[in-house]
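Required output: the full structure, derived from the provided sequences and hints.
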Amino acid sequence: MKNTIRVGAVAAVSALALAACASAPEETTSSDTATAAAAPSVDYKACMVSDSGGFDDKSFNQSGYEGLTRAGDELGVTIASAESSSEADFAPNIDAQVAAGCDLIITVGFLLSQATVDAAIANPDVSFAIIDDLADNNYDGKTDAPNIKPITFETDEASFLAGYAAAGATKTGTLSTFGGMNIPSVTIFMNGFLAGADYYNAQKGGDVKVLGWDGKDGQFTGDFEDQSKGQNVTEEFLSQGADVVLPVAGPVGLGAAAAVQSAGDAWLIGVDSDWTKTTDYGDIVLTSVLKNISNSVFDTIKTTIDSGFSAEPYVGTLENEGVGLADFAAGAVPDDVVADLDTIKAGIIDGSISVDVTK
Amino acid sequence: MSAEGQTTEATPDEEAPRESRSRQVLREIAESSSMVVLMAIVASMVIGGVLIIFADQAVRESAAYFFSRPGDTFSAIGDALGSAYSAMFNGAVLNTQAESFAAMIKPLTQTLTMATPLIFAGLGLGIGFRAGLFNIGAQGQVLIGATVGAYVGFAWSLPAGLHLLLAVIGCALGGALWGFIPGVLKARTGAHEVIVTIMLNYIGLYLVAWLLSLDAFQREGSDNPISPMVADTAQYPKILGAQFNLHLGFLLALACAWGAWWLMERSTLGFRLRAVGANPSAARTAGMSIASATIITMVIAGGLAGLAGSAPVLGTQKFLSASTAGSLGFDAITVALLGRSRPLGIVLAAILFGGLQASGPTLQVNANLPVDIVVVIQALIVLFIAAPPLVRAMFRLPAPAHEKEVAA
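Residue numbers (numbering that gives the first Met the number 0), protein chains in the order written: chain A, 0 to 358; chain B, 0 to 407.
Derived from the structure by calculation, the hints contain no laboratory data. There could be a bad hint or two in this list.
To be verified - Per label pair, the in silico range of CB-to-CB distance: (1) M393(B) x E311(A): 56 to 66 Å; (2) R265(B) x K44(A): 34 to 44 Å; (3) L164(B) x D216(A): 48 to 58 Å; (4) A97(B) x T68(A): 24 to 34 Å; (5) P123(A) x A57(B): 28 to 38 Å; (6) M198(B) x D264(A): 31 to 41 Å.
To be verified - Output of the computed footprint for chain B on chain A, the stretches with three or more beta carbons under 8 Å from beta carbons of chain B: (7) 69–81; (8) 234–245; (9) 288–297.
Stated by the list, open to error - Some chain A residues judged to face chain B by a derived CB distance under 10 Å, without partners named: (10) D50; (11) G53; (12) S84; (13) A87; (14) L110; (15) D132; (16) D135; (17) N136; (18) Y138; (19) T342.
Cβ coordinates follow ideal geometry from the N, Cα and C atoms, glycine included.
Below is the structure:
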């Protein structure tokens, strides 16, 4: 035992020593050559504050952060970010970014709404943007400060399409969905999904059921962390005959994916990003409901640099591709249903098809 | 009296010997010398520094060619440590780059603001530890206290002063209730307080999540699970003017610290609680009721933890959400251990932790370090505190002479 440890230690040390043997880069004599190699530099500082989920939440904090780093790489803006470990950190994090000279501060999530509004009023010269919230805390229908840009998403438009497609793909006539928590940014997915399935029934005279959401209440795991809960809920759904699952719960959905994979004859619908690319469960993903937070953050930074800050709300829709549907798994959705989707998409965009739940 | 053997028919009052091990650990931690505590902080800062070095991009890049130009690595290490610790200082003590005096001392006031809930909850836990109770339930007690206080704050409409008073009392009562339940379960049925309080944390969390799904707890016209803002009349006044976040809750926390000291060191009740904590069998033989001591301890501990909930809802963030309590209840355990369960120690430990937390934003924004470093340093402190012999061995400190807990 002791010998194993010794051998291991020697191996580790020599690995470290070998790793340190690389040759040194050329000495740079002046500082301007050092910056020349980097991306074209813009004198603009974009910053981001996460909510308590942190930037590694595999959900909206992470997507937002990806947009920010992409802006740093491609646009050459200076970026800074601050994670909040609890709500007590919100205001101090924003204050620290104001003090550090950020030109644009993007906050992620409705929990930061009040802190963002307070900071925006106190610092009228700094631009703010908030994801998934309208920054309207007095409920007069307007954003509370002129220097906040709300970034929201009509996710139900995309999940409506997913609901329709899933209703066409199901063999058992039963779909299912569950959420992390009963909050609007989650239930909007479930609403669209249910409405899409209902629309399929109305159009095709089908009788497809949706488990887990009835337009008002449904199945929630209670958090956005515990994958085993997602697995349990999904196994329950599968035992009730469902063969498509839409988990709207961030990483909890990976638990659902595990359950679907072991069942074998069911499909999963990804959320936020294309799960055939971002997870290891590509072969069971029917499609993904895309919510392009990353793009919206990147676009907000880009347009602000190009043409100045505008507090005009950004609303991601099917039309501007802020939301959308990823490619279907080959052969899973009947061709006539796929063909319908283009018409439906056009109908949603021109307003002739409502994505609201009618029941 | 053997520890084994009689456990099967143990009634609450007879189970004391079985617990002697955990009580012994508590007492050992409480009696560890200030030198050990200080060295534990130093050791965690040093290890934290090593992590900062490894987390730094420039260091890792220059270490790759360490043997051809070691100077680069050392200067990168120096830069990383320098920017990290100066960010900590600028974020927690004094902002040396500030232009005005107010901006200069703002970090210090922020540290005290962050320390406020930790003082309250740490005091509650400290009293529990000294009475021999491992109360892990501060998290739930903080949250329930915050919920009751916030409800009084946003749903009632009362004149200033009275409104604040009632909201603060609401916080204390909410927490006290969440402490009373495990207290009475332990005293009457012998249920172990660790298990009961951990479970009550979950019950509290989901209870609040459910409450926040009701219209009565939500803002008008919104389905988001956050409560309306607490009325101005129920908010803690800012004690240093509007530009600082430091609020009256801090002074209340200091008053509670004095109160806790008086209770434990000067009052008969405190003597009883300490006696029960030190040696339940002896306390029982001396005619003290262990059951009532347990309940009283848990109610006081819960009430203080509930007051910790008043700091966010009435002081800093002014609304209730399911994550209002953050990780306060668990951080407070560390604070109580670090403060050796004594009020003065807890106040100092809370200020240290408040400072670490207050430095989080500048660490991330100025030094570009992950905020997790702060959490790691906190965790390392606990680790070292929990193993006094390890710290003594590392720094070659002498073993302490054994103090007599109740003798005073």
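Hints versus structure:
1. M393(B) x E311(A): 56 to 66 Å: 60 Å, holds
2. R265(B) x K44(A): 34 to 44 Å: 56 Å, violated
3. L164(B) x D216(A): 48 to 58 Å: Taking Cβ atoms as reference, L164(B) and D216(A) lie about 38 Å apart, which means the hint is violated.
4. A97(B) x T68(A): 24 to 34 Å: Holds, at about 30 Å.
5. P123(A) x A57(B): 28 to 38 Å: With Cβ atoms ~36 Å apart, the hint holds.
6. M198(B) x D264(A): 31 to 41 Å: Check passed, 38 Å falls within 31 to 41 Å.
7. 69–81: holds (count 3)
8. 234–245: violated (count 0)
9. 288–297: violated (count 0)
10. D50: D50(A) check passes; min Cβ-Cβ to chain B is 8 Å, inside 10 Å.
11. G53: 8 Å, holds
12. S84: Holds, about 6 Å.
13. A87: 6 Å, holds
14. L110: Holds - the Cβ of L110(A) comes within 10 Å of chain B, reaching about 6 Å at its closest.
15. D132: Nearest chain B Cβ about 8 Å off; hint holds.
16. D135: At 9 Å from the nearest chain B Cβ, D135(A) passes the 10 Å test, so the hint holds.
17. N136: 7 Å, holds
18. Y138: 4 Å, holds
19. T342: 32 Å, violated
When the structure is compared with the earlier hints, violations turn up for hints 2, 3, 8, 9 and 19 and for no others.
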